[in-house]
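> Let's have the full structure, built from the sequences with the hints guiding it.
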Amino acid sequence: MRKTIKAAFLGLISMAFIGSAYADLTFVSWGGAYTASQQKAYIDTWSKGSGITVENYNGGLGEVKAQVEANNVTWDVVDVLPDQAITGCDDGLFLKVDQSHFINDMVVKPVSECISPQIFWSYVAFYDPAAFPGKKPKTIKDFFDVKKFPGKRGIHTWANALIEMALVADGVKPSKVYEVMSSDGGIDRAFAKLDTIKDHVVFWSAGSKPLELVSSGEVVMSLAYNGRIGAAILQDGKKFNYIWDGQVLEQEYLVIVKGTKNEDEAREFVKHASSAESLALQAKYIPYGPMRSSSIDIIKKGEPYFNTGVDVLPHMPNTPKRLRRSVIADPFWWADNGAEVSERFGVWKGN
Amino acid sequence: MSSETISGPILTSDGIPLKVSLKKAERINKIRAFLLVLPLLAFILISFIIPIGDMLTRSVDDRYINTVFPKTFEIYKKWDKQGLPSEEVYKTMFIEIGEAKGFKIGKASTRMNYSKSGWKSLIKKSQRKFKKIKEGPYKEQMIAVDKRWGDPIYWKALGEMVDPTTFGYYLNAVDLKYDSNKKVIAQPENRRIYMHTWIKTFKVSLLVTIFTLMLGYPIAYLLATLPLKYSNLLMICVLLPFWTSLLVRTVAWMIILQQKGVFNNLMVMAGLIADENRWKLMYNETGTIIVMTQILLPFMVLPLYSVMKTISPSYMKAALNLGASPLHAFWKVYMPNSIPGISAGGLLVFIIAIGYFITPELVGGKDGQMIGNWIAYHLKTTLNWGLCAALGSVLLAVMIVFYWLYNKIIGVENIKLG
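Top to bottom, those sequences are chains A and B.
Quick note on our numbering: the first sequence kicks off at 344 and runs consecutively.
Quick note on our numbering: the second sequence kicks off at 15 and runs consecutively.
Keep in mind the hints are simulated off the structure, nothing from the lab.
As the structure is a computational prediction, the values presented were derived from the model and not from experiment.
It is possible that some hints are incorrect.
[Claimed, not checked] Distance condition first, Cα-Cα at most 30 Å in a straight line; then the derived DSS-like pairs of lysine-lysine:
#, chain 1, residue 1, chain 2, residue 2
1, B, K95, B, K121
2, A, K519, A, K664
3, B, K44, B, K118
4, B, K115, A, K614
5, B, K139, B, K121
6, A, K478, B, K294
7, B, K323, B, K294
8, A, K516, B, K380
9, B, K294, A, K491
10, B, K139, A, K491
11, A, K614, B, K138
As structure tokens, this is what we get:
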């Protein structure tokens with residue numbers, strides 16, 4: 344009897360060891376509807392090897408750096424913003440990956456050798472049409488024009504995209520925005536434009552907040568992540584209008600953390616997660632724009648495409664027509680100047 | 015026989031000198047005692063001393079960049095900072111950029127970018143394009159690759175990195191910086207954010223401490239003096255929010271205090287304020303103070319309560335019997351007895367408030383951000399952990415100064431948590 348117990352115990356222990364040898368892949372992303380779409384698009388469809396554990400984080404590279412420095416990497420694959428993809432790749436926090444299977448299929452050039460493509464999302468202005476019974480705001484210029492469209496505006500608490508939008512509202516061509524930002528006085532010009540709405544803004548920092556601000560009438564229009572607005576319209580039946588003019592497109596990438604204990608599997612998974620089919624499937628659950636051209640072709644063929652049976656392309660930020668009046672955020676500029684502009688933005692906010 | 019034993023050492027039964035034997039027994043006891051406290055010692059070492067040591071090291075450490083450009087910095091030091099550096103500096107820079115393998119140069123460029131925005135992309139571009147340059151002179155060819163190589167500002171920014179230890183991060187933390195000759199100068203005006211934030215952090219923490227004391231004192235008094243039946247109920251009222259998630263409480267305050275929120279709606283309905291003049295109580299400093307006061311209130315009430323519980327009611331009765339007015343009796347008898355609780359609660363709330371981060375992040379909006387928010391920003395986004403460490407060390411130093419002042423004025427032995 345005692346022997347059987349002992350054997351069973353030893354068996355359990357060895358199982359625990361086997362379990363750890365084939366440990367689950369840990370996939371880290373932003374949570375909410377976005378992670379839910381990733382789950383459906385390529386975690387549920389992942390059939391090779393072991394399971395995948397999903398964790399949420401709030402962005403930034405703090406945790407990744409701590410894990411790599413302590414040589415105790417528990418996150419295998421992370422979903423990151425492009426400027427962090429650059430910094431992380433430079434600092435040796437991420438592994439370089441094979442990009443041959445997507446490199447010729449990208450809407451924009453990949454920002455570093457460590458990334459695999461995900462989606463475009465955008466900072467975009469929106470409003471509740473009920474708030475404007477007469478003339479409705481149409482451009483980013485209107486967003487910055489408190490005389491023509493009185494009322495409060497919701498903006499986020501950090502500088503990204505606000506600088507670009509202020510310049511477009513001030514008359515800079517979207518394609519010339521970074522040229523102006525890099526020139527002398529360019530940033531001053533953006534801050535001068537921001538000054539004009541300063542007394543009329545409400546700041547938000549959590550992605551769900553702008554929807555609430557607009558719904559409750561706290562502000563008449565707000566900037567928000569386009570996917571959140573899309574989800575509110577497509578899934579919750581809200582009536583919001585986008586102001587696509589002057590939107591700022593951001594990229595989203597997958598990276599593999601250096602020192603992962605499941606390197607081969609992580610590479611396989613990332614390849615699967617950035618395939619044209621996976622990215623197209625993701626658009627069934629969230630209106631973010633796939634980064635691969637062939638994914639957009641798949642969506643076009645399948646319209647109406649969204650899981651509720653409606654067309655998703657009207658909610659996509661990166662259609663050719665919208666791209667003409669959009670700024671594609673330049674992560675290199677932000678990797679260079681992010682800290683300086685953020686400090687300046689902090690001074691601006693506080694005074 | 016007897017003379018022999020007296021002159022020699024005293025022996026135990028097995029022939030070992032008594033002194034040695036006793037020492038041995040004592041040593042075993044000492045080891046045993048040491049082994050008993052070892053886990054605690056290890057815990058303190060691992061969770062307290064090592065991290066703080068690491069933080070202090072990081073706040074002055076600038077070795078990394080010096081391992082990437084050792085020769086360049088050697089020659090750089092001889093440059094008179096007029097115009098552009100000599101061809102020799104360009105040449106060694108060129109060679110050392112080429113020699114740096116893998117992520118070494120990337121990491122270095124991140125460091126260089128802290129002192130001058132733009133280094134990051136400059137190094138990246140150069141690393142790619144320098145492969146085409148086969149032989150010198152290098153200066154013109156490097157400037158041809160990117161004209162920033164011909165901009166003295168970039169070269170001057172290197173000046174603060176040439177030593178393996180630096181106080182640059184500390185200077186940064188108080189809106190100062192090194193110029194190219196390592197002289198301390200002020201940051202340009204539109205980047206001076208930290209002093210402002212420090213002052214705000216202390217102001218908010220102090221106000222929160224005062225408000226929690228004003229609100230917490232009567233509550234603690236009631237808790238300590240009411241009959242058990244009522245005081246238990248009151249205690250639950252104090253503890254229930256304490257056990258509720260911080261985020262839930264913060265969001266609840268947002269709903270109540272925003273401009274179209276419950277409070278403002280009630281005020282407008284009651285006709286106390288006009289619809290267009292709704293109070294701004296959220297997404298600014300006021301919001302931060304209100305919400306932090308509510309969240310930190312239990313940290314004030316509990317120490318106050320535990321001290322007040324020990325104050326015998328007979329003291330007050332005696333004072334009143336001797337003819338003091340109730341106010342006078344309170345001021346002269348009760349209040350002094352409750353000082354240990356006030357001190358403990360005050361220090362606790364102030365220490366927690368000064369490093370607060372989530373609440374200011376969510377409700378701070380325009381001007382309610384504190385130093386913790388900047389530490390989080392640099393920790394996560396710019397990866398400037400040197401600056402984070404310097405900000406953290408300043409915070410630690412400030413706390414130690416406050417503690418020392420407190421000890422001088424009131425005395426540490428007066429702190430009582432229960």
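> Take the hints in turn and mark each one as holding or not.
Cross-check of the supplied hints:
For the suggested pair K95/B and K121/B, the alpha carbons sit about 26 Å apart, so the restraint of at most 30 Å is met. Proposed proximity of K519/A and K664/A is supported: the alpha carbons are some 18 Å apart, at most 30 Å. Restraint check for K44/B and K118/B: not satisfied, since their Cα atoms lie roughly 49 Å apart, outside the 30 Å limit. Our distance criterion of 30 Å between C-alpha atoms is met by K115/B and K614/A, whose separation comes to about 27 Å.
Under the criterion of a C-alpha separation no larger than 30 Å, the hint pairing K139/B with K121/B is consistent with the structure, at around 15 Å. Taken as a hint, the K478/A and K294/B pair is honoured in the structure, with Cα atoms around 28 Å apart against an allowance of 30 Å. Our distance criterion of 30 Å between C-alpha atoms is broken by K323/B and K294/B, whose separation comes to about 40 Å. Among the hinted pairs, K516/A with K380/B is consistent with the structure: their alpha-carbon atoms are about 29 Å apart, no more than 30 Å.
Proposed proximity of K294/B and K491/A is supported: the alpha carbons are some 24 Å apart, at most 30 Å. At most 30 Å may separate the alpha-carbon atoms for a hinted pair to count; K139/B and K491/A exceed this at roughly 45 Å. A distance of roughly 26 Å separates the Cα atoms of K614/A and K138/B; the hinted pair therefore holds under the 30 Å criterion.
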